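Novice: Listed in order, the protein sequences are those of chains A and B. For the first sequence, the working numbering gives the first residue as 1, with consecutive numbering after it. For the second sequence, the working numbering gives the first residue as 1, with consecutive numbering after it.
Derived by calculation from the structure, the hints in this document are not laboratory data. Computed from a predicted structure; not experimentally measured. Treat the hints with care, since some could be wrong.
[To be verified] Covered stretches of chain B (in silico footprint by chain A; criterion: 3 or more residues with CB under 8 angstroms from a CB of chain A, positions within the stretch not fixed):
1. 92-104
2. 126-133
3. 194-201
4. 216-225
Note that beta-carbon positions come from the ideal geometry of N, C-alpha and C, so glycine has one too.
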Amino acid sequence: MLAILGPGLVSGFADNDAGGIATYSLAGIQFGYDLLWVILASQIVLFFTQEVGARLGLATGQGLTGLVRGRYGVRWAAFVAVLMLIANLGTTLAEFAGIGAALSLFGVPIAVSAVLSAVAMVLLVSRGSFGKVQFLFVAVGIAVSIAYLASAILAKPDWGLAVTRLVIPKLSGAPVYWLAVVGTVGTTITPWGQAFIQAYVVDKGLGVKALLGERIDVALGSWLTNVIAGFIVVACAATLWASGQTNITDVAQAAKALGPLAGSSATLLFAGGLLAASLLGLGVVPLTSAYTVCEAFGWEAGVQWRWRDAPVFYGLLAFFVGFAALVVLIPGLPLFQVIVLSQVLNGLLLPFILVFVMLLARDRSLMGALRSGRLLTVIGWAVTVILAAMSVVLVYVSLAPPAS
Amino acid sequence: MTQYLTTLLGVPIATPSGAVVGELDDLLADARQWPVPRVLRVEVRFPDRDRGWLPLDAVRIGPDRVSVDAGASRNPPDRTHLLRLRAQLLDHQAIDLVEAAVVRVNDVVLTQTSAGLEVTRVDVGLTGLARELAPRSSRGLLGRLTPRAPWQHELAWTDIDPVESAIDHFQLFDAHAGIRRLAPAAIARILPPLRPGDRMAILGALGGETVAAVLVASDARFRRLLMTKLNQ
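Work out the full structure, taking the sequences as your base and the hints as a guide.
Specialist: What follows is the structure in C-alpha cells.
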C-alpha cells in the first residue's frame, strides 16, 4: 500500500502552490469564513478529476498527450501541449513570485531567490532518484500542512463558526464573491494537476492492480489539500478579516500583517509555508510541461532516466525553469498580477483538458476493465460542464473592465 | 520516386474529366509482404463522409491530385492482413530497433519500385513532425525541402517494430522478430513507455530465458509490475 501512495499526495500538495495560497489567503481576508464551503466542494470535485487521471495512467501506462496523439492525431496533441505550456509558464512564474515574496520578508532579493531555486530544482529533479524526489515532495507537502495548521491555531479562530460555514454555505449576490468562488475552485483543480497525476502514476510503474490503493492515495491527497486550504482561510479570517484589514492584496503583505495579530511565529510559519509550497510547485509544474511535450512528440520522458537517456526531457525542464526565472527578474513586473493571470490561463485551459480526459476514460479499447462506468461518466461530465461554466465566468470577470 | 504519406492525405481524387469524387483518406498495405509492406489499396473519403476503396493500379498518384479511372467500391476489403498506414501507423508508437527506443511515427515514407509502391521508411524526426503539423497546402513543399534537412530522422522499415495495440487485428509477417534479436537490457529499456498490452505481447514473443533476463535487467519497480502481469 505504501508503495502505491505518492501521485495523489504529491499532486494534491502541489495544488496548494503560490497561486493557491494567494487565492485562499484573499478568500479569508475578504470574506472571512464564508467561503469554507467552497473548499469542501472543491475537495469532492478534485477527487473525481484526479481519480480519472490516475485511472487513465494505470490502464494505459501512458501520459495524457501521448494518448491524445494516438487517438486524435498530432494536431490535437499539439493543441493540448501548447495550451498546457502557456498555462504552465504562467504558473511557474507564479511559483517564482511566491518564492520571491516569501524570501523578501527576510531581505533576500528576488534575483538571488530566483536563480538559487531554479538551479536547485533542476539539479534535484535530474540528479535525484525517483524515490528521493518523491520523498522530498511529500516531506515538503507535510511541512506546508504543519505550517498552515500552526498558523491557524496561533490565530485563535472561531472554530464553531468555521465548521458551520464549512457545511452551511453563506451565499452572496456580489460579483466579487462569485469571482472568489471560481478562483478558489480554479486554483485547486488545474490542468497541470490533471496531466501530472497521470504521468506520475506511469512514471511510478503502477498497474491495474493498484486501483484501490491509488483511489485511497487520491482521496488522501484531495482531503489534505483542502484541509490545508481551509487552515489558510481560517488563519486569515481569524486575524486580518476579523480586525478589518481587508485591503491587503498580496500574500507577503498578509504574512507580514499576521505578526501583530497572531505573533511573529505566525508570520514566520506563513512565509515558510508559502516558500515550501512555491518550491513544491516549481518542482512539479515544469516537470509536467516537459512530460507533456515529450509524450506528445514521442521523446523519452521520466525522472527515472538520466540526462544522456532523455536529453530532450531534461533540456525542456531546464528551459522552462530557466525561462520563467529570467522573466520574473524583469524590473517592475507586477508579480501579484502574474499569479492572478496564471490562474485565469489555467481556468481557460482546464475544460479542454477535461473533455479529452473524459473521452479517453470511456474508450473501451484503451481502458479495458478500468473504463469509466455510467455513474463515473455522468459525474465526470457534470464536473466538466460546471468547471467550464465557472472558467468562462472567471475569465470574463478577470478580463472585463471593472464597473464604474 | 519517394513520397510522404502526409503529403498524400487529403489530396483530391478526380476522374479523367476532372470531377472530384473525394479525397485520399488512407493507404492500405499488405502487411505480410516481406521485407517491406506494399500498398494495395487507396481509401477514399467521399463528400458524404462515406468511404470507398480503390485498387492501387486503378489510380495515378500525382503531386497534388490522384487520378482515377474506375469508380471506388464502397464494400470494405478484407482487412485481415491490410495495414492502414494513417490509422494504424501514423502517430502511433513504434520501436526503434537500432537505438532500442520507443518513438512516434511522424510520417511514412513510400518508394515507387518495380514491384509497386512500398513502405520503405518511417520518419520519427522533426521534419516529419513539421509536415504533419503544417497546413495541407504547404506539405508538398515541405516534402520537397525537408529531405535535405540535417535534423531529419528516418528509420528503415526493417529497423522498426510497430506496436501491437495499433494493429491488433492481424499479424505482421514475423511479429517482433527484430525485438527477439535485441539484448535483454535493450528490451528492458523499451518496455516501460509502452502500453501494458504491448509489453505483454513483446514478452509473449520472447523465450522464457530471455524474459527472465529482461526482468533482471529491469528497474525494480517496473520488474514488480511486469511480474504481477505475468502471473495473471
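Novice: Hints broken by the structure, by number, lowest first?
Specialist: none
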